Amino acid sequence: MGLETAFADEPAFVPYLAAGDPNYEASIEYVEALAKGGADAIELGLPFSEPIAEGTTIQNAIVRSLESGMTPERFLGFVADLDVDVPLVCMTYYNLIYQYGESDSETASGETASQEGPRPFVEKAAEVGLEGFVVPDLPAEEAGPLRDACDEFGLDLVFIVAPTTTEERLERMREQVSGYVYVQARLGVTGARDDVDDATEESLARITDWDVPKAVGFGIKTGDHAERIVGAGADGVIVGSALVDIVAEGYENGDPTGEVAARLEALARELKAGALRGARTRPQPERT
Amino acid sequence: MGLETAFADEPAFVPYLAAGDPNYEASIEYVEALAKGGADAIELGLPFSEPIAEGTTIQNAIVRSLESGMTPERFLGFVADLDVDVPLVCMTYYNLIYQYGESDSETASGETASQEGPRPFVEKAAEVGLEGFVVPDLPAEEAGPLRDACDEFGLDLVFIVAPTTTEERLERMREQVSGYVYVQARLGVTGARDDVDDATEESLARITDWDVPKAVGFGIKTGDHAERIVGAGADGVIVGSALVDIVAEGYENGDPTGEVAARLEALARELKAGALRGARTRPQPERT
Amino acid sequence: MSTEDAHDPKFGEYGGQFVPEALMPAIEELADAYERYVLDNEDGFMNEFRSRLADFGGRPTPLQYADQLSERYDTDVYLKREDLLHGGAHKLNNALGQVLLAKYMGKERIIAETGAGQHGTATAMAAAHLDMPCEIYMGETDIARQRPNVFRMKINGSEVVPVTVGRGTLKEAISETMREWATTVENTHYVIGSVVGPHPFPKMVRDFQAVISEEAREQAIEKTGGLPTDVVACAGGGSNTMGTFAEFVPDEDVALHAVEAGGSSLQVDEEEGVAPNSATLSTGDEGVLHGARTKLLQDSDGQIMESHSVSAGLDYAGVGPELAHLVDEGRVTPVNVDDDLALEAFHRLSQDEGIIPALETAHAFGYVEKYHDDLGDTVVVNVSGRGDKDLETVIEETTERDLDIAPDMSILQRMGGGL
Amino acid sequence: MSTEDAHDPKFGEYGGQFVPEALMPAIEELADAYERYVLDNEDGFMNEFRSRLADFGGRPTPLQYADQLSERYDTDVYLKREDLLHGGAHKLNNALGQVLLAKYMGKERIIAETGAGQHGTATAMAAAHLDMPCEIYMGETDIARQRPNVFRMKINGSEVVPVTVGRGTLKEAISETMREWATTVENTHYVIGSVVGPHPFPKMVRDFQAVISEEAREQAIEKTGGLPTDVVACAGGGSNTMGTFAEFVPDEDVALHAVEAGGSSLQVDEEEGVAPNSATLSTGDEGVLHGARTKLLQDSDGQIMESHSVSAGLDYAGVGPELAHLVDEGRVTPVNVDDDLALEAFHRLSQDEGIIPALETAHAFGYVEKYHDDLGDTVVVNVSGRGDKDLETVIEETTERDLDIAPDMSILQRMGGGL
Ligand SMILES: Cc1ncc(COP(=O)(O)O)c(C=O)c1O
Ligand SMILES: Cc1ncc(COP(=O)(O)O)c(C=O)c1O
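Chains A, B, C and D supply the protein sequences, listed in that same order. Heads up: the first sequence is residues 56 to 343, going by our numbering. Heads up: the second sequence is residues 56 to 343, going by our numbering. Heads up: the third sequence is residues 15 to 433, going by our numbering. Heads up: the fourth sequence is residues 15 to 433, going by our numbering.
For reference, chain A alone in the conformation it holds in the complex:
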């Protein structure tokens, strides 16, 4: 299938949730609700104990997920259990991918790490039907082994372009990116914001001639944001914290899973609608 297909016909809405937040069953329902709400692809967070690129909202989601017992192994089962027919992307940190091949050996034993690297995890990811990876702490310079494994198993590797990314680094990413490029709308970490940053348009302008879809994320919260961003030329919007907020609130209030799922679906619809509105305010993006 390939991640690019998600952006083929119209601006894509790409939601993020941490898998297993706040528990396995509810999380399955929530992800499926996003699909029903119009998601074109879904980023599923595999929680890592040191999520250095996340703001408080997603950090807390990760803590809930870890506490409910999420592990890389269960994550793969989670993906397999999902009943959605949009492409799924694994968003996680490199150490988990890297350690997966090690998972049977005693750690804390002083043994030399195996040289397998990311390959075993990518292989399993392909088996359960994941389409790609976003790894925020893996810059292009260090991505070789993961890129190779993804190629081997037919998965995409998404890179993040930041407002501060230099031209030189853009080139390095362009060579390696596939699926879509994740345009970071502002500096900082993930988290819902009340406005849209000007940096977005500038960033989009810098990569306008890239031949992968451009999805913008970081801080998008409402349909209006989505509209503005697509209007500015994005091929899609990535929304995480605003959705995670709904999960967190439901969890704190002890709301029934079905109700929370319905709220997620509703926000998904709003965001997707916003993206579609945005598409009308500008010439349809062209594939080169």
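It is possible that part of the hints are untrue.
With a straight-line Cα cutoff of 16 Å, these simulated EDC-like cross-link-like pairs (lysine to aspartate or glutamate) come out [stated by the list, open to error]:
1. B:K179 x B:D203
2. B:K179 x B:D136
3. A:K91 x A:D140
4. B:K276 x B:D250
5. D:K237 x C:D69
6. C:K24 x C:E343
7. D:K24 x B:E197
8. C:K117 x D:D81
9. C:K24 x A:E196
10. C:K237 x C:D90
11. D:K117 x C:D81
12. C:K237 x D:D69
13. C:K237 x C:D81
14. D:K117 x D:D57
15. C:K237 x C:D391
16. C:K117 x C:D46
17. D:K24 x B:E196
18. A:K179 x A:D136
19. D:K384 x D:D354
20. C:K24 x A:D249
21. A:K276 x A:D249
22. D:K384 x D:D88
23. D:K117 x D:E56
24. B:K179 x B:E128
If you want a taste of the chain A side facing chain C, the calculated C-beta under 10 Å gives, among others [unchecked claim]:
25. P102
26. E105
27. P106
28. T111
29. Y155
30. P194
31. G243
32. A247
33. L259
34. I262
Quick list of the computed label-pair ranges, beta carbon to beta carbon [claimed, not checked]:
35. D:E200 x B:E171: 32 to 40 Å
36. B:G124 x D:D19: 41 to 49 Å
37. D:E284 x B:D140: 36 to 44 Å
38. D:R415 x B:E230: 55 to 63 Å
39. A:R335 x C:E200: 30 to 38 Å
40. A:N308 x C:E200: 37 to 45 Å
I should point out that these hints are in silico values taken from the structure, not numbers from a laboratory. Predicted model only: the values in this text are computed from it and were never measured. Glycine residues also receive a C-beta, built at the ideal position from the N, C-alpha and C atoms.
Fit chains B, C and D with the ligands to the known structure of chain A by using the hints.
Relative to the frame of chain A, chains B, C and D with the ligands by itself:
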């Protein structure tokens, strides 16, 4: 009269009390009780805020006396008020004697100190009938001005010989001492003890040929102590803390002044009796 | 400084730059500044740095012959007195270097993480000295156990930002500072506190700290006529370790001992994700954390464990990549010392030598106590810091343990209250 | 060292030996030892002393140019960094000298008094270093307000003996230590903590501390090409003052400023016998205390007053006799700084220069702040100690006063507890 007369006929008993402990009136009664009990001379403490030669017992007496309002001026009145016919010695620290001449000028004013030194206080002391001084923080080297004033007004200046005093310093003291020499029975500060120190005999031996009476103090508590010390060759015993203990106990228990005075008188009798017994165990001290 | 290629972000398989894209330009800019100012002394940077280290920091620090310990172990023990550096630990060497570098780079603001609070206080002092606004991120657990250092940072005019995630120790504080950096990267420099993090931090911090071994090596030759047989330093992140070892690395005959915190046990609790120690070099395995590939305390999934040590400054699940590399190469011997032994060593140095060491430092002396038979005849131990910050912890932990060597503290308990 | 007659126990009309007879032989023995070992370097005493001061103590301490203060006052301000000495104050110069001297004299035991606890900790460190049993007398009030230092003394293996007489501050502690000395004089040396007490203490302590001005004078010449116009030091007993001034006394053009604690007011309460300050040089008059004739805070009867200062180390009703003499001679100018100004200066130095000074030291900077217009163009200020010991006091006193310059401490209050 002269302090030496107190030692003339038989071993002398010389008690110490802090004047004004725990208050003016009671203290008058206590001192008079000591005279009745057989004191041959009395050391009256004029309390100084930094009594560096005193142990806890006398420190506390000094605090009580200061808190009850004792001052150098009142001390002179106290001496005048006493109805006793034994010689009285003022035991105090040099700063009080030294400052007396200054007492009218503003202190804390940065004025240069007057050059009068100890003379004004000695003059007043003579007027009220004091016979001499013991000043524990005034060694022979610094005693010149006080010695001169004492000579002028006919008072004695007692020096303390310690177990550690060198031969050279003994000579210096011998030149200046008058009234009696205070033989410190042990190292340290004042305070009642349960034994008699061997240092006493050694100290006495070193000054056996001095032509002033030798009174031993520091730690003497019972008639038996007094007996041993006089037996060892002393011309008299000085007893402070053991008596002050009685004052302190009476004060703490709120005992009637008369009762406390009776106890002081009783201990004085015991000590005097001990001294007399001691005299029988050795050849009568000879005046040279 | 060192013969390796300054451009290479790796030490063997360790090191690298595993950071969010938003930070990449900043660390590239930093790598560039490191090469220009630190390695090539552009604009006389290193001259100013060394001169401020001397006048403000109090360098050189002495290499002191330890009379009592030498007698006790029947070997010549020399103490490298980093505890005398301004602020009370080796940390200022690095903090001053980085804050000054930030100034040369035109940055307007400093952020830093801190564990024991020593790096935080050093950074706060350097920032005050060089007139830079400064914010320090510190885990809540560490705030509670290193209060005097929190006061000091505030008094030096820094903000102290409590980090409440996780167990609230150094690991969380670093993560949080990286997040903050990602938000403010354009005008802000992140003064990392040890030889950890993405390139160029491990090299740069080592170079700032290498003044320790530069001096110690010269002083040892001057005092003993030759090189020491052994050099001992405690290792948390590894900055005092690398600083103490750096100039001795080429001296193959000098044995280098990195002493980690053995905590209460070397056994890990996989279920809880807790290692009751911080013995990363001895027991950890390879992984990626805080921007670098290095040895880590992690569970079989790759989740980072909560480490533990009685000394907050060693309490870290990672370690400098260069140190991991030197251990794999066999050049550095990793050893560890548990909480009890460290506390005993704390009291021994205090009573026998009149130097109250930091609890971190005490680990190095615990090692010498236990293994002095294996050491040669001239041992240099780095006194990485002083123990004023640890008094409260020491009293608590000593009372719990009832160590023979500990003084009777009842005068203070009688008088009630905390420190 | 100095040109005066070392045998003369007097400085003009001040000084002398006003002690109980039992102590006279000890101070004569000490005077003899002072002449032989300190003045005549018998058995290489001074060489060993200087070498231990360097290696154990961390000498020389830097003379640092203060960037921010120099700009603020538009004059060159140099800081003599005694805060970097081992233990955190100039006190070690003297403590190490005396404990070493006691060893040369064959004494087996050390006693000392302490006010701020700085002299006590310095003595405890020196005693541990030189393997001498040690007991420290400290007033109960001071124990309560300088707790970290009490811990440090205990941890260094010294006994701390609480003095409960009077207000329980330095004055009482000195009296009590003198009493203890009188009891154990044969095998015990009393390490007095400042240039006070009977001869030879004022001269000997000054000579041990004179290393400060020896270095500072040389460093000033090296850094500025000449002598400073002004030298400023705080004065409690006067040991850092005399140490900082000693070598400059013959340089008649160098103005010497001794900054005393003005406390809350210069007015005394005769009724209560309390001076709410410790401004002995400015407001005291001549008398005899603790073995010497000197300037004192006393009432019209000659009773010694309770002094007061926010800084325990300046809180003393007497002052060194040599300083009193130099003031009468016009060579030293006595000035004073009140609690508020000292606290402000504490925060200013911390925030502007990255140096947290002792509260004692802060008085010297309070003076420079207030009177910088009267100072010349090169001012040397002695940073007599660091402020770690004062954090608790500073927080309390700052909160009470609501000073503009103080940082917001709420993060710590929120977290509760003491230091
Ligand atoms: C005194 C001291 N020593 C050692 C360390 C450990 O750090 P590193 O291993 O980076 O030197 C610390 C950290 O806070 C410290 O304060
Ligand atoms: C840091 C510091 N400075 C100054 C003083 C005052 O003492 P002196 O006047 O003897 O130097 C003290 C006394 O404790 C002190 O600790």
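- Message: Tell me the numbers of any earlier hints that the structure contravenes, in ascending order.
- Response: 20, 32, 33 and 34
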